[in-house]
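In this note's numbering, each residue carries its 1-based index in the sequence shown increased by 1170.
If you're looking for bench data, these hints aren't it; they were derived computationally from the structure.
Cβ atoms here follow ideal geometry from the backbone N, Cα and C, with glycine treated the same way.
One or more hints might be untrue.
Stated by the list, open to error - When the alpha-carbon atoms are kept at most 30 Å apart in a straight line, the in silico DSSO-like pairs for lysine-lysine are as follows: (1) K1246 / K1207; (2) K1214 / K1225; (3) K1246 / K1198; (4) K1198 / K1225; (5) K1198 / K1214; (6) K1246 / K1199; (7) K1225 / K1246; (8) K1214 / K1246; (9) K1225 / K1207; (10) K1225 / K1199; (11) K1199 / K1214.
Unchecked claim - So the derived label-pair ranges between C-beta atoms look like this: (12) V1231 / F1174: 38 to 46 Å; (13) I1229 / N1208: 51 to 59 Å; (14) K1225 / F1174: 26 to 34 Å; (15) T1177 / R1205: 46 to 54 Å; (16) R1252 / Y1173: 18 to 26 Å; (17) I1176 / Q1222: 36 to 44 Å; (18) S1249 / K1214: 17 to 25 Å; (19) R1252 / T1177: 17 to 25 Å; (20) S1194 / R1221: 15 to 23 Å; (21) I1251 / N1208: 14 to 22 Å.
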Amino acid sequence: MRYFYITIITLFFLHKVSSQDTFSEILKKSSETFRYKNNNFEGKGWETVLRQINKHNNILVGEDHFFNEIPLFISKITSEIRFDNFFVR
1171 MRYFYITIIT
1181 LFFLHKVSSQ
1191 DTFSEILKKS
1201 SETFRYKNNN
1211 FEGKGWETVL
1221 RQINKHNNIL
1231 VGEDHFFNEI
1241 PLFISKITSE
1251 IRFDNFFVR
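Sequences are here, hints too, so could you generate the full structure?
If you want it as structure tokens, here you go:
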């Protein structure tokens, strides 16, 4: 029985260690800025966003707590990148 508890505690510990970063943690580690000017986004951050979206087959744009979705941001992404499938909920 003692080995059972040790195994369970070890699994919980390993799960926490290998869990993914949250969006806010990723922002703290590496952030680049962009701005909205003349009805367009510009800056190093905007180029990075477009480059990363182009690299992946699937993306998810949603909201984390205290980070609101921006419909203008999504519309600019869809005007820059062609998607085979695009779902909005």
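Does K1214 lie within 30 Å of K1199 when you go C-alpha to C-alpha?
Status holds; Cα separation ~16 Å.
Given pair status - K1207, K1246, alpha carbons within 30 Å:
12 Å, holds
For the hint 17 to 25 Å, verify it against the beta carbon of R1252 and that of T1177.
At roughly 49 Å between Cβ atoms, T1177 and R1252 fall outside 17 to 25 Å, so the hint is violated.
Given hint K1225 paired with K1198 - CA-CA distance at most 30 Å
Roughly 22 Å between the alpha carbons, so the hint for K1198 and K1225 holds.
Falls inside 17 to 25 Å, the C-beta gap from S1249 to K1214?
20 Å, holds
Does K1198 sit within 30 Å of K1246, going by the straight-line distance between their CA atoms?
Holds - the C-alpha atoms of K1198 and K1246 are around 24 Å apart, at most 30 Å.
Quickly compare the C-alpha distance for K1214 and K1225 to 30 Å and report which way the hint goes.
The hint holds at about 17 Å.
Given the range 36 to 44 Å, decide if the beta-carbon distance of I1176 to Q1222 lies inside it.
Roughly 41 Å apart at Cβ, these two residues keep to the hinted range, so it holds.
Quick check: does the Cβ-Cβ distance between S1194 and R1221 fall within 15 to 23 Å?
Hint holds: Cβ distance 22 Å, inside 15 to 23 Å.
When you take the CB atoms of R1252 and Y1173, is the distance between them in 18 to 26 Å?
Check failed, 55 Å falls outside 18 to 26 Å.
Against the range 46 to 54 Å, how does the distance between the Cβ atoms of T1177 and R1205 compare: consistent or not?
52 Å, holds
Between I1229 and N1208, does the C-beta distance stay in 51 to 59 Å?
26 Å, violated
Of the numbered hints given earlier, the model fails hints 13, 14, 16 and 19; all others are met.
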